[in-house]
Amino acid sequence: GAVVSQHPSWVICKSGTSVKIECRSLDFQATTMFWYRQFPKQSLMLMATSNEGSKATYEQGVEKDKFLINHASLTLSTLTVTSAHPEDSSFYICSAIEGVRGNQPQHFGDGTRLSIL
Amino acid sequence: GQNIDQPTEMTATEGAIVQINCTYQTSGFNGLFWYQQHAGEAPTFLSYNVLDGLEEKGRFSSFLSRSKGYSYLLLKELQMKDSASYLCVKNTGGFKTIFGAGTRLFVKA
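Same order as they appear, the protein sequences are chains L and B.
For reference, each letter of the first sequence is one residue, going 129 to 245 in the numbering used here.
For reference, each letter of the second sequence is one residue, going 607 to 715 in the numbering used here.
Since the hints were made in silico from the structure, they are not lab data.
One or more of the hints may lead you astray.
Below, computed lysine-lysine pairings styled on DSS-like, alpha-carbon distance capped at 27 Å [as the list claims (entries may be wrong)]:
{"id": "1", "chain 1": "L", "residue 1": "Lys169", "chain 2": "L", "residue 2": "Lys142"}
{"id": "2", "chain 1": "B", "residue 1": "Lys714", "chain 2": "L", "residue 2": "Lys169"}
{"id": "3", "chain 1": "L", "residue 1": "Lys194", "chain 2": "L", "residue 2": "Lys183"}
{"id": "4", "chain 1": "L", "residue 1": "Lys148", "chain 2": "L", "residue 2": "Lys192"}
{"id": "5", "chain 1": "L", "residue 1": "Lys194", "chain 2": "L", "residue 2": "Lys142"}
{"id": "6", "chain 1": "L", "residue 1": "Lys148", "chain 2": "B", "residue 2": "Lys702"}
{"id": "7", "chain 1": "L", "residue 1": "Lys142", "chain 2": "B", "residue 2": "Lys663"}
{"id": "8", "chain 1": "B", "residue 1": "Lys663", "chain 2": "B", "residue 2": "Lys687"}
{"id": "9", "chain 1": "B", "residue 1": "Lys663", "chain 2": "B", "residue 2": "Lys702"}
{"id": "10", "chain 1": "B", "residue 1": "Lys682", "chain 2": "L", "residue 2": "Lys194"}
{"id": "11", "chain 1": "L", "residue 1": "Lys169", "chain 2": "L", "residue 2": "Lys148"}
{"id": "12", "chain 1": "B", "residue 1": "Lys702", "chain 2": "L", "residue 2": "Lys183"}
{"id": "13", "chain 1": "B", "residue 1": "Lys674", "chain 2": "B", "residue 2": "Lys663"}
{"id": "14", "chain 1": "L", "residue 1": "Lys192", "chain 2": "L", "residue 2": "Lys169"}
{"id": "15", "chain 1": "B", "residue 1": "Lys702", "chain 2": "L", "residue 2": "Lys169"}
{"id": "16", "chain 1": "L", "residue 1": "Lys192", "chain 2": "B", "residue 2": "Lys687"}
{"id": "17", "chain 1": "L", "residue 1": "Lys194", "chain 2": "L", "residue 2": "Lys169"}
{"id": "18", "chain 1": "L", "residue 1": "Lys148", "chain 2": "L", "residue 2": "Lys194"}
{"id": "19", "chain 1": "L", "residue 1": "Lys192", "chain 2": "L", "residue 2": "Lys142"}
{"id": "20", "chain 1": "L", "residue 1": "Lys169", "chain 2": "B", "residue 2": "Lys687"}
{"id": "21", "chain 1": "B", "residue 1": "Lys663", "chain 2": "B", "residue 2": "Lys714"}
{"id": "22", "chain 1": "B", "residue 1": "Lys714", "chain 2": "B", "residue 2": "Lys682"}
{"id": "23", "chain 1": "B", "residue 1": "Lys682", "chain 2": "B", "residue 2": "Lys663"}
{"id": "24", "chain 1": "B", "residue 1": "Lys687", "chain 2": "B", "residue 2": "Lys714"}
Since the structure is predicted, the reported quantities are computational estimates derived from the model, not experimental observations.
This is chain L alone, in the form it adopts within the complex (with noise of 0.2 Å):
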């Protein structure tokens, strides 16, 4: 099956710091893949849409300059948190849909921990 793999699991750092996170499909091209947030108990949020070789559609009210996601080759997008503070914590998950239909289910990666302290 579709696998999408998703690194680091846990990032501890300091205010300030810039984290990146990135979102790979291992077995299948993805050309669009998507980055959210979960705070706990709460569903996930969509940050972003990041499509191969162009610029990643953001959210409303998500910072384009705070939260850069590039995506780079059909297997591979990053997302660079920039100077991270403590509000910055939560759950970053990436996904990625096989194929160009829209019908297709999401492969989510594991998951991203982030802890600003």
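Dock chain B against the given chain L, drawing on the hints supplied.
Same frame as chain L, now just chain B:
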């Protein structure tokens, strides 16, 4: 708006059957996903319904009524490992989806 409504929590007994309901606005509907998410883990795909009716997949079944804006996930022969959040997700076209807040299911012995 695009509210997706599902119960916040449910409790059921091991071996029993539980039905998790989901209602959504019928406008802009292209399909409905159900995902399972264990605490601290990423969601995993369970089902996708586009047409009305019931689709069965082992112990899990999913039902859709497009005219009523209604879906449910049916879990049979509950096991302790089924304790998780179940997310109702509406496909609004293309790759656009809207996630419900999820239903936390507790399975007790």
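Status of the hints after comparison with the structure:
1. For the given pair, Lys169 (chain L) sits about 25 Å from Lys142 (chain L) by alpha-carbon distance, which is consistent with the 27 Å threshold.
2. Pair hint Lys714 (chain B) plus Lys169 (chain L) holds up; C-alpha atoms about 20 Å apart against a cutoff of 27 Å.
3. Of the pairs offered as hints, the one joining Lys194 (chain L) and Lys183 (chain L) holds, with about 15 Å between alpha carbons and a cut-off of 27 Å not exceeded.
4. Taking the CA atoms of Lys148 (chain L) and Lys192 (chain L), the gap is near 15 Å; set against the 27 Å cutoff, the hint holds.
5. For the hint linking Lys194 (chain L) to Lys142 (chain L), the alpha-carbon distance of about 16 Å falls within 27 Å, and the restraint holds.
6. Proposed proximity of Lys148 (chain L) and Lys702 (chain B) is supported: the alpha carbons are some 25 Å apart, at most 27 Å.
7. Distance restraint check for Lys142 (chain L) and Lys663 (chain B): the Cα-Cα separation of roughly 46 Å exceeds the 27 Å cut-off, and the hinted pair is therefore not satisfied.
8. A threshold of 27 Å between alpha carbons decides the hint, and for Lys663 (chain B) with Lys687 (chain B) the separation of about 17 Å falls inside it, so the pair holds.
9. Simply put, Lys663 (chain B) and Lys702 (chain B) have alpha-carbon atoms about 25 Å apart, close enough for the 27 Å limit, and the pair holds.
10. With a C-alpha separation of about 45 Å, the suggested pairing of Lys682 (chain B) with Lys194 (chain L) is violated against the 27 Å cut-off.
11. Of the pairs offered as hints, the one joining Lys169 (chain L) and Lys148 (chain L) holds, with about 25 Å between alpha carbons and a cut-off of 27 Å not exceeded.
12. With a C-alpha separation of about 17 Å, the suggested pair Lys702 (chain B) and Lys183 (chain L) falls inside the 27 Å cut-off, and the hint holds.
13. Between Lys674 (chain B) and Lys663 (chain B), the direct Cα distance comes to roughly 23 Å. Compliance with the 27 Å bound is thereby established for this hinted pair.
14. Pair hint Lys192 (chain L) plus Lys169 (chain L) holds up; C-alpha atoms about 26 Å apart against a cutoff of 27 Å.
15. A C-alpha spacing of about 23 Å is found between Lys702 (chain B) and Lys169 (chain L), which places the hinted pair at or below 27 Å, so the restraint holds.
16. Pair hint Lys192 (chain L) plus Lys687 (chain B) does not hold up; C-alpha atoms about 39 Å apart against a cutoff of 27 Å.
17. Distance hint between Lys194 (chain L) and Lys169 (chain L) is fulfilled; the C-alpha atoms sit about 24 Å from each other, no more than 27 Å.
18. For the hint linking Lys148 (chain L) to Lys194 (chain L), the alpha-carbon distance of about 12 Å falls within 27 Å, and the restraint holds.
19. In summary, the hint linking Lys192 (chain L) to Lys142 (chain L) is supported, as the alpha carbons are separated by about 21 Å, within the 27 Å threshold.
20. For the suggested pair Lys169 (chain L) and Lys687 (chain B), the alpha carbons sit about 18 Å apart, so the restraint of at most 27 Å is met.
21. Proximity of Lys663 (chain B) to Lys714 (chain B) is assessed by CA-CA distance (about 23 Å); at most 27 Å being required, the pair is judged to hold.
22. Between Lys714 (chain B) and Lys682 (chain B), the direct Cα distance comes to roughly 14 Å. Compliance with the 27 Å bound is thereby established for this hinted pair.
23. At roughly 11 Å between alpha-carbon atoms, Lys682 (chain B) and Lys663 (chain B) fall within 27 Å of each other, so this suggested pair holds.
24. At roughly 10 Å between alpha-carbon atoms, Lys687 (chain B) and Lys714 (chain B) fall within 27 Å of each other, so this suggested pair holds.
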